[in-house]
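For the record, the sequence lines run as chains A and B.
Just so you know, the first sequence maps onto residues 64 to 142 in the working numbering.
Just so you know, the second sequence maps onto residues 2 to 381 in the working numbering.
Mixed in with the good hints, there may be bad ones.
Lysine to aspartate or glutamate pairs mimicking EDC-like chemistry, simulated, CA-CA at most 20 Å apart [claimed, not checked]:
#1 A/Lys92 to A/Glu107
#2 A/Lys119 to B/Glu220
#3 B/Lys70 to B/Glu29
#4 B/Lys267 to A/Asp74
#5 B/Lys156 to A/Glu86
#6 A/Lys92 to B/Glu221
#7 B/Lys3 to B/Glu308
#8 A/Lys119 to B/Glu233
#9 A/Lys92 to B/Glu262
#10 B/Lys156 to B/Glu262
#11 A/Lys140 to B/Glu29
#12 A/Lys92 to B/Glu196
#13 A/Lys92 to B/Glu308
#14 B/Lys156 to B/Asp261
#15 B/Lys227 to B/Asp114
#16 A/Lys142 to A/Glu86
#17 A/Lys140 to B/Glu220
#18 A/Lys92 to B/Asp261
#19 B/Lys294 to A/Glu86
#20 A/Lys142 to B/Glu220
#21 A/Lys121 to B/Glu113
#22 A/Lys111 to B/Glu196
Don't read these hints as lab results, they were simulated from the structure.
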Amino acid sequence: MQGITFTKEVDARGTFCPGPLMEMIRAVKSCSLGDVVAVISSDEGSRKDIPAWIEKAKQEFLGEEAVTGGYRLYCRKIK
Amino acid sequence: MKRILVLGGGIGGTLVANLIARKLKKEEAEITLISASQRHIYQPVWLYIPFSMDDIRSASKPLKNLLNKRIKLVLGNITQLDAGIQKVTLEDGQQIDYDFLVVATGSHPSPEDVPGFKEGAHFFYTEDSASRLRVALEEFRGGKIVVGVGGLPHKCPVAPLEFTFLVEHFLNKRKLRDKTELTYTYPLNRVFTIESAAGYAQTLLEQRNVQIETFFNLEEVDPENKVIRSMEGTELPYDLLVMIPPHRGAKFLQGNPIADEQGWVKTNRNTLQVTGFDNIWAMGDTTDIPISKAGSVTHFEAPVVAERLVATLRKTTPHKKHAEYGGKVLCFIETGYGTATKLEFDYQNPPKTPKPNRMIRLEKILFNKAYFFLVPTGRI
Ligand SMILES: Cc1cc2nc3c(=O)[nH]c(=O)nc-3n(C[C@H](O)[C@H](O)[C@H](O)COP(=O)(O)OP(=O)(O)OC[C@H]3O[C@@H](n4cnc5c(N)ncnc54)[C@H](O)[C@@H]3O)c2cc1C
Chain A
64 MQGITFTKEV
74 DARGTFCPGP
84 LMEMIRAVKS
94 CSLGDVVAVI
104 SSDEGSRKDI
114 PAWIEKAKQE
124 FLGEEAVTGG
134 YRLYCRKIK
Chain B
2 MKRILVLGGG
12 IGGTLVANLI
22 ARKLKKEEAE
32 ITLISASQRH
42 IYQPVWLYIP
52 FSMDDIRSAS
62 KPLKNLLNKR
72 IKLVLGNITQ
82 LDAGIQKVTL
92 EDGQQIDYDF
102 LVVATGSHPS
112 PEDVPGFKEG
122 AHFFYTEDSA
132 SRLRVALEEF
142 RGGKIVVGVG
152 GLPHKCPVAP
162 LEFTFLVEHF
172 LNKRKLRDKT
182 ELTYTYPLNR
192 VFTIESAAGY
202 AQTLLEQRNV
212 QIETFFNLEE
222 VDPENKVIRS
232 MEGTELPYDL
242 LVMIPPHRGA
252 KFLQGNPIAD
262 EQGWVKTNRN
272 TLQVTGFDNI
282 WAMGDTTDIP
292 ISKAGSVTHF
302 EAPVVAERLV
312 ATLRKTTPHK
322 KHAEYGGKVL
332 CFIETGYGTA
342 TKLEFDYQNP
352 PKTPKPNRMI
362 RLEKILFNKA
372 YFFLVPTGRI
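Generate coordinates for the entire structure from the input sequences, incorporating the hints supplied.
Next up, the structure:
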């Protein structure tokens, strides 16, 4: 996963569900087509909820990567 | 003499100012409270206005009458806070300096954040909108009603569910239920933020034959074609749309160094101190703490803010009893048909939801009736 370049990163560590998911939704809403958004979450639930939302919203989930105190999840805006 | 300034005359500001006034001797500090409104408004009453179950007049009282006599009340709209030089500016140019500050300016619906919202959607989160919705419901003769949440976070997280249960009951009473398709939308992949309570609420919605549309993040309201569209690409037609608008903190906080772009103040979830400032506390809806924006939260936070502020002023340590806010929340949930349930939880303990019953509803109604006597003045 390492090496993905992202346009915007939101560090949502320390906030609980649905904080990180809402951060992802907000970031995807405000970015441009083709941009990659990264959200870092320390909440386990995000690893399930965020990809589920990306799939429903028909955006592209690029994967996750373990970072200190959580995971960084990537989404590319494709529509 | 130290100057204490409280911003906001809602549930949090009024209560905390009264608690501080009770703790401090007159010669220790002067206390000033600024409010944009001369009325203290108890918003939970608004839920009942669309169904003519309560009167808008019972939702407010003159703020002056609820404040301890030694508190100086300044009426005006705050337009600027400069935490660096400890000064607040009002719309009329008046400037007020402080030594200690409490920010309790709440949150407000921001329908302008969604295209078409103002023209096409109803809500009940202001006096005017609740009254307009009463008329719309009065005139409703059947069709598609969509109730939903147009953005998170918003105050009173349970109110959209309560509204749905109440409107379902209302339609039944009016013999319109058979002629109405009722849909509930929510931004997450469940019907409520807290997972354990969401399952319970979903069962109740299903029992009442309410269609559920989750992962629905409202993108636009199209009043001409009477449809709403989500970021996820879902389109829902409506005849009557009731949406909770996205919320923001007070305008003067949006982008202020103590807050984020939406106006949520960066607050420590236990001490309620504002990040980076030893002399500022925030409470109630305006904080960025990921907890319900509810009157009960503000109510439980007030003793902590009062205790900590007074201890800081006196250079003592706060008394153990009120040293920290433990995340306590208590929300009653109207479930229609004369019943209610409640959610009670804190940072450590997830909520348990009792089976809806008449006793809990009675508790809610009695609490609402007794509110002005009990809460703002700090009797409980
Ligand atoms: C329909 C509805 C139903 C609800 N039901 C419940 C319920 O059943 N239980 C529950 O616990 N909570 C409920 N709530 C939520 C509850 O009302 C709020 O969480 C609570 O009022 C928050 O208190 P607060 O002191 O933070 O803000 P508020 O009570 O909103 O007070 C904010 C104060 O700040 C002032 N202010 C704001 N901006 C400025 C400015 N720029 N200059 C000067 N003054 C300013 C306002 O005039 C006001 O006096 C409900 C809310 C709604 C809308």
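Here's how the hints hold up against the structure:
1. Distance restraint check for A/Lys92 and A/Glu107: the Cα-Cα separation of roughly 23 Å exceeds the 20 Å cut-off, and the hinted pair is therefore not satisfied.
2. At roughly 15 Å between alpha-carbon atoms, A/Lys119 and B/Glu220 fall within 20 Å of each other, so this suggested pair holds.
3. Under the criterion of a C-alpha separation no larger than 20 Å, the hint pairing B/Lys70 with B/Glu29 is consistent with the structure, at around 16 Å.
4. A threshold of 20 Å between alpha carbons decides the hint, and for B/Lys267 with A/Asp74 the separation of about 15 Å falls inside it, so the pair holds.
5. Straight-line distance between C-alpha atoms of B/Lys156 and A/Glu86 comes to about 18 Å, which keeps the hinted pair within the 20 Å bound.
6. For the hint linking A/Lys92 to B/Glu221, the alpha-carbon distance of about 12 Å falls within 20 Å, and the restraint holds.
7. Taken as a hint, the B/Lys3 and B/Glu308 pair is honoured in the structure, with Cα atoms around 16 Å apart against an allowance of 20 Å.
8. Note on A/Lys119 and B/Glu233: the hinted pairing holds, with a Cα-Cα distance of about 6 Å set against a maximum of 20 Å.
9. This hinted pair checks out: A/Lys92 and B/Glu262 have alpha carbons roughly 15 Å apart, not beyond 20 Å.
10. For the suggested pair B/Lys156 and B/Glu262, the alpha carbons sit about 18 Å apart, so the restraint of at most 20 Å is met.
11. Distance check on the hinted pair: A/Lys140 and B/Glu29 sit about 57 Å apart at the alpha-carbon level, beyond 20 Å; violated.
12. Restraint check: the Cα-Cα separation between A/Lys92 and B/Glu196 comes to about 24 Å, which exceeds 20 Å; the hinted pair is violated.
13. This hinted pair does not check out: A/Lys92 and B/Glu308 have alpha carbons roughly 42 Å apart, beyond 20 Å.
14. Between the alpha carbons of B/Lys156 and B/Asp261 the distance comes to roughly 17 Å, so the proposed pair stays at or under 20 Å and holds.
15. The suggested pairing of B/Lys227 with B/Asp114 holds, with an alpha-carbon distance near 18 Å, which does not exceed 20 Å.
16. A C-alpha spacing of about 18 Å is found between A/Lys142 and A/Glu86, which places the hinted pair at or below 20 Å, so the restraint holds.
17. For a cut-off of 20 Å, the pair hint linking A/Lys140 to B/Glu220 stands: about 16 Å separates their Cα positions.
18. Restraint check for A/Lys92 and B/Asp261: satisfied, since their Cα atoms lie roughly 18 Å apart, inside the 20 Å limit.
19. In summary, the hint linking B/Lys294 to A/Glu86 is supported, as the alpha carbons are separated by about 18 Å, within the 20 Å threshold.
20. Between the alpha carbons of A/Lys142 and B/Glu220 the distance comes to roughly 14 Å, so the proposed pair stays at or under 20 Å and holds.
21. A hinted pair counts as satisfied when its Cα atoms are at most 20 Å apart, and A/Lys121 with B/Glu113 does not qualify at roughly 26 Å.
22. Our distance criterion of 20 Å between C-alpha atoms is met by A/Lys111 and B/Glu196, whose separation comes to about 13 Å.
The structure shown violates the earlier hints numbered 1, 11, 12, 13 and 21.
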